[in-house]
Each structure stands twice: as C-alpha cells, then as structure tokens.
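K.L.:
Using the hints, position chain B against chain G.
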Amino acid sequence: ILNVEQSPQSLHVQEGDSTNFTCSFPSSNFYALHWYRWETAKSPEALFVMTLNGDEKKKGRISATLNTKEGYSYLYIKGSQPEDSATYLCAFVGNQFYFGTGTSLTVIP
Amino acid sequence: EAGVAQSPRYKIIEKRQSVAFWCNPISGHATLYWYQQILGQGPKLLIQFQNNGVVDDSQLPKDRFSAERLKGVDSTLKIQPAKLEDSAVYLCASSLTPGRSREKLFFGSGTQLSVL
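Line order of the protein sequences matches chains G and B. Read in order, the letters of the first sequence are residues 1 to 109 in this note's numbering. Read in order, the letters of the second sequence are residues 1001 to 1116 in this note's numbering.
No lab work stands behind these hints: they were computed from the structure. Some hints could be false.
What the hints assert, rightly or not - Among chain G residues calculated to face chain B with C-beta under 10 Å, some are:
no., residue
1, Pro26
2, Ser28
3, Tyr31
4, Tyr36
5, Gln96
Glycine included, every Cβ here is placed at the ideal spot set by N, Cα and C.
Here chain G stands alone, though its shape is the one from the complex (with noise of 0.2 Å):
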C-alpha cells in the first residue's frame, strides 16, 4: 500500500485570508498527481493534473506546484471565500490512483 499524506487535515480561515495545504508522495514511479475538489453533497471534481517536477498550475484564485523529486505538491488558495470550503484531496498516479486523506477547509464570513 502505497503512502500519501496530506496535511493539514482540517483547516478553518477567515474570508480573505490567503491559505496552503501540502501533499506528500513518494518520489519514486511517479506518472501524475491530481488535486480534487469535493464539495458537502456533491460530485469530486478535478481542479488540476500535474506531471513535470517544477510545474505551477493556476485556475482563478486557485494555484499548485509540484516538486517529484522530494515528492511533494503545494495547493494555494488567495483570498478564500465561503465557496471555497470543501475538502481537497490530491491523488497519487503511479501503477493506480492512490488518493490521500484529504484537507477539510471551512471559510468563516
């Protein structure tokens, strides 16, 4: 069973404060590394897949970095709002998908 670790596991901000969580994987077989959205009653839903070390993904307020050497990718979000809370899973890709446990966010008005 393969490891990945995302920390930290429940986070609670004020709207418009700027925040980060990390995911951790092994730096070995690496093919991709997704990040997930997934919101109370609704679908996951894919925010980036990252496959070169170095790269930086930006959607809105929304970035990530990966570095595969260490094995590890960084998920920024600026300026949280209210619709931002939801958890955040990131997901491994060597022989299979291997998710992590996910960072709970919770964006206080």
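P.N.:
Coordinates of chain B only, in the frame set by chain G:
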C-alpha cells in the same frame, strides 16, 4: 455533457443484508472505477474496468463484493452480505483513456452506505 450518474444517493441496511449500487459513466469513457471511502480515510480503489474487462480488483473483498460492467457501459457493485465495516461512501468514476492516466477522473456524487 452529462456527468457520471450514480444511484442511490443514500442507503441504510442491516448487517448481513445485500445492497447494490449502480453507475453510468460519461458516454465514451473506456475506464470505470469503483472507490470506497471510509470516514477519515482517502478513497480506496475497489475495482477498475477497461471497457467490460477487469484491469485491477486486487483490493476488492471478493468473498462479499462483486462488480460487473456488462457491454462496457454501466456498472453494478454488489455487497452480499454486508458488514458494519462496509459503511462508507462508494464513488464511481470514469475516464476517457485506459490505464494510468494523465487525464482527470470524472466522479459521480457517490452513495452513502450505512450498515446498522
């Protein structure tokens, strides 16, 4: 584009009963996945289909779980008999490309199963 359809959304059963979940992936998607997410854990792959063939079912508890994907389209996951530890969210996902993918997964809304 229609998304991944799953049903039911919620199911409550007694232990030792049977339950079935249904999934209809996005049209044209070759690969279909069933994941189990137990509270506090990440989604765990139960089974992966490519068209109507099984690619990976190494983590499927085959003494009680079964899954099929007839005609390479929709899929059914069954638990018989259910145990308390099967309480979880069951997620179906699909992707266009077979195998390890640099393409994103499309998920259904999941089935919340409670076994009492």
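K.L.:
If a hint holds in the structure, say so; if it doesn't, say that too.
P.N.:
To see whether the hints hold, each was checked on the structure:
Restraint check, proline 26(G) versus chain B: the minimum CB separation of about 15 Å is more than 10 Å; hint violated. For serine 28(G), the interface hint is violated, since its Cβ never comes within 10 Å of a Cβ in chain B; the closest pair sits about 15 Å apart. Given the 10 Å rule on beta carbons, the hint for tyrosine 31(G) holds: about 5 Å separates it from the nearest Cβ of chain B. Taking 10 Å as the C-beta contact cut-off toward chain B, the hint placing tyrosine 36(G) at the interface holds, the least distance being around 8 Å.
With a cut of 10 Å, the hint placing glutamine 96(G) at the interface with chain B holds, because the nearest CB-to-CB distance is about 6 Å.
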